[in-house]
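Peer 1: Which chain is which? The protein sequence lines are E and W, in order. According to this note's numbering, the first sequence is numbered sequentially starting from 1. According to this note's numbering, the second sequence is numbered sequentially starting from 1.
Since the hints were made in silico from the structure, they are not lab data.
A short list of chain E residues far from chain W (calculated; beta carbon distances all over 12 Å):
#	residue
1	T94
2	P95
3	A96
4	P97
5	A99
6	W100
The following label-pair restraints were derived from C-beta to C-beta distances:
#	chain 1	residue 1	chain 2	residue 2	range
7	E	V69	W	G149	41 to 49 Å
8	E	N92	W	V43	24 to 32 Å
9	W	R97	E	A86	51 to 59 Å
10	E	Q61	W	Q123	40 to 48 Å
11	W	V43	E	L8	33 to 41 Å
12	W	E16	E	N92	53 to 61 Å
13	E	N92	W	S46	18 to 26 Å
14	W	F158	E	G27	26 to 34 Å
15	E	L8	W	I72	23 to 31 Å
16	E	L8	W	W52	37 to 45 Å
17	E	Q61	W	G94	14 to 22 Å
Backbone N, C-alpha and C fix where the C-beta goes; we use that ideal spot for every residue, glycine too.
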Amino acid sequence: MSQQIVPLKTYVTVFVSLIGLTLLTTGVAFIDLGPFNTVVALVIAFCKMLLVIFFFMHLRQSGGLVRIVLLAGFFWLALLIGLTTADYRTRNWTPAPDAWSTTAPPTHP
Amino acid sequence: MAETHAESVGLAHQFEDLAQQHDADTLGIWVFLVTEIMFFGGVFASYAILRWLYFTAFAAGSHLLDVRLGAINTVVLLGSSLTMALSVRSAQIGNRRFLVIFLILTMILGGAFLGVKAYEYNQKFVEHIVPSLDWAPEGAILARLAPGGLDHAKLYFFFYFAMTGLHALHMIIGMGLLLWLVLRARKGNFTPQYFAPVEVVGLYWHFVDIVWIFLFPLLYLIGGRY
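Full structure from sequences and hints, please.
Peer 2: Here you go:
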């Protein structure tokens, strides 16, 4: 077909790396890094996702159309999460009038 | 397209050849997966906001989950992704026997994942920390949940069940699709030229795996375990 066959060794190597990253993320959770615990966990999850997408899901051999579709998906996801978060995180940058206080959203603890 | 019958098995009449059909099939499933990204994205976005607002309560709730079971399930699911990738590879090289074996292995690993998940759900009922259905935390568990606010800890468990439940539903659908593939593969429906259904179900299965790759740290590893 249009795809060449990926060697067995590649799949096994990717799998072993995924297991290694899983152990790493679990291990790091037991070390106190403050707010960076979340950052490290998400960076590791992102790397695992890239491994799965590029090797198991054959993005490495896929054409430009598939890549554009996937990038568009991530772009809209970034808008969804980014803009929603930006809204909540900037709500108490300016003080709300007292009259609003009963209906104001919860502020950061 | 002067093709013999054997080379055009599985070719739908609207396509020029199997290569074109294969490209259309994979593009189609990728577009579907993008809609799935947005579907899960909504839950992830609201989770991100509420976890930030009620971090202490969410961490307290998270610490009631069993990290070992979560990690074991991650390994099981990654294993099922490997066997799924090997299924596609077996189809590509036309090895029907290994195609069936790897598809069944994928189903077994998927079933193991759901089994562990069911055990974890049962534990939540035993501890009375299932919002709406059985929410009556008591004793040591109540004391651990209280500091961040009991209602906010309850919110965390709503997210836990909604996110893992949606994920498990996708797994169950995937298991059904795998069974369908096994039946077709046994009949010899797939050839090295025509294996798009295996590839397409594989892409779906890997997507469900990726959702779990994010759910594991987000639900099980909040705020560290030190």
